[in-house]
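Enquirer: Sequence:
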Amino acid sequence: MTRRELEQLVALGEGISVEFKRRVPQPERIAKELIALTNTHGGRIVLGVDDDGTIHGIDHASEEEFLLRRAIEAHCRPPVDYQTERVVVEPRCDVLVVTIPESNTKP
109 MTRRELEQLV
119 ALGEGISVEF
129 KRRVPQPERI
139 AKELIALTNT
149 HGGRIVLGVD
159 DDGTIHGIDH
169 ASEEEFLLRR
179 AIEAHCRPPV
189 DYQTERVVVE
199 PRCDVLVVTI
209 PESNTKP
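Quick note: the sequence shown uses the numbering used here, first residue 109, plus one each step.
For the record, the hints were derived by calculation from the structure and aren't laboratory data. Heads up, the beta-carbon is just placed ideally off N, CA and C, and yes, glycines get one too. Any given hint might turn out to be false.
[Claimed, not checked] Derived Cβ-Cβ restraints for the label pairs, each shown as a range: (1) Pro187 with Thr162: 27 to 35 Å; (2) Lys140 with Thr192: 13 to 21 Å; (3) Asn212 with Asp167: 33 to 41 Å; (4) Pro199 with Lys140: 15 to 23 Å; (5) Pro133 with Pro209: 29 to 37 Å; (6) Thr162 with Pro186: 16 to 24 Å; (7) Arg111 with Arg185: 17 to 25 Å.
[To be verified] No farther apart than 20 Å at their CA atoms in a straight line, the calculated lysine to any residue pairs in the SDA-like style are these: (8) Lys140 with Arg200; (9) Lys140 with Ala182; (10) Lys140 with Gly151; (11) Lys140 with Glu181; (12) Lys140 with Arg185; (13) Lys140 with Pro186; (14) Lys140 with His168; (15) Lys140 with Cys184; (16) Lys140 with Val196; (17) Lys140 with Tyr190; (18) Lys140 with Arg130; (19) Lys140 with Gly123; (20) Lys140 with Pro187; (21) Lys140 with Glu210; (22) Lys140 with Glu173; (23) Lys140 with Glu113; (24) Lys140 with Glu115; (25) Lys140 with Pro199; (26) Lys140 with Gln191; (27) Lys140 with Thr213; (28) Lys140 with Asp158; (29) Lys140 with Ala119; (30) Lys140 with Asp159; (31) Lys140 with Ile124; (32) Lys140 with Arg152; (33) Lys140 with Ser211; (34) Lys140 with Phe174; (35) Lys140 with Leu175; (36) Lys140 with Glu122; (37) Lys140 with Asn212.
Can you build the whole structure from these sequences, using the hints too?
Expert: Okay, structure coming up:
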């Protein structure tokens with residue numbers, strides 16, 4: 109995803125299939141959101157963006173990816189499939205786009 113594509117996604121705002129988060133919230137909370145998306149039609153969680161659509165980015169995207177992975181391992185049975193993509197918004201500052209497909213096996 110390019111910076112422009114990210115800006116277009118953010119401009120559409122949050123909805124049924126898109127959530128903005130400044131950072132990975134508590135493990136139980138992010139797990140519930142991931143499960144809700146995979147149990148419906150899938151969607152995206154965009155980390156590094158405020159609820160109002162302000163793009164801030166994340167200084168340590170690797171840490172956020174680790175927290176996300178740990179939340180899934182600890183709270184999602186069966187594990188939720190997902191893909192992450194980093195979009196550079198400033199030097200050493202990324203937005204993490206987490207794409208969650210709809211699952212055939214519902215957690």
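Enquirer: Let me make sure I understand: some of the numbered hints might not hold for this structure. Which ones are they, in numerical order?
Expert: 4, 5, 6, 7, 8, 14, 16, 23, 24, 25 and 29
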